[in-house]
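These protein sequences, in sequence, are chains A and B.
Per our numbering, the very first residue in the first sequence carries number 1; after that it's consecutive.
Per our numbering, the very first residue in the second sequence carries number 1001; after that it's consecutive.
Keep in mind that a hint or two might mislead.
To be verified - Derived lysine to aspartate or glutamate pairs resembling EDC-like cross-links, with alpha carbons at most 16 Å apart: (1) K1064(B) x E151(A); (2) K1061(B) x E104(A); (3) K1061(B) x E95(A).
No wet-lab data here; the hints were simulated from the structure.
Chain by chain, the residues run as shown.
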Amino acid sequence: MTEETKKKRSLSVICSKGSFDMAYPGLILANAARMAGVDARLFFTFWGLDIVNKKKVDHLHLNLVGNPSAPIPAMIAGLPGVEALATAQMRKEMERLDIPPIREFIEMLDDAGADLYGCQMALDMFKLTKDDLVPQVKEVLTAMDFMDMSEGAQIIFI
Amino acid sequence: MTVAVQTDAEGYLSNKADWSEDLAGEIAKEFGVELGAEHWTVLNAARAIEEESGSSPGLRKISKRSETPIKSIYKLFPDGPAKLIAKIAGLPKPKSCL
């Protein structure tokens, strides 16, 4: 029955952005997939590497400037400290809703059996190595490797 | 043994009153899960949360309440634990993404 088809379902999420607000969608989607029995893998590339960068994962910022959904005017959003303040506010709200911080979310995904990969080219570009990434990142891959792995998967680009 | 109770199109129990521990065991068997004490800790936590809050919980809440790590929950209920727990515990499809 559907069990057969369900087993074959798999999700590949490409995370290319490193702002606080753009980190969560990929993580949440991959987690939802795992909870529903769908295989999930994530590929962190370009700014998305910040999400799994040991030094940056706890300090991602909301992106307010150039974001038409930002609740404050761009001129003010660009002032020093404003994005940090807004990020702190959002962190608080997320804590209230029991949404885990990003580092904990990544641990949760790992526990849930999702596979995390870093992008080789992006690492080279930012002069990083696998050791700079959180331990849950399984491997560093080329885009081609990730494509091979994603055969038959649904792919989401964020 | 075949389970003869009403479920919705996705396999969640339609009528809460139909649920019993025996039925849970039968549903679990259909998914290849043999219920033990650890399973019951998780299932009871899920049912308790639903009773208090009125909504079928996601894994994070269940994990915290049952003091069972996420990793263990995935081992106890393989292939889609959030759905499986709800089905076995006689709860509707979870509304949570976490």
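To see whether the hints hold, each was checked on the structure:
1. K1064(B) x E151(A): Given that 16 Å is the threshold and the Cα spacing comes to 35 Å, the pair is violated.
2. K1061(B) x E104(A): holds, 15 Å
3. K1061(B) x E95(A): Given pair K1061(B), E95(A) holds - Cα atoms ~13 Å apart, limit 16 Å.
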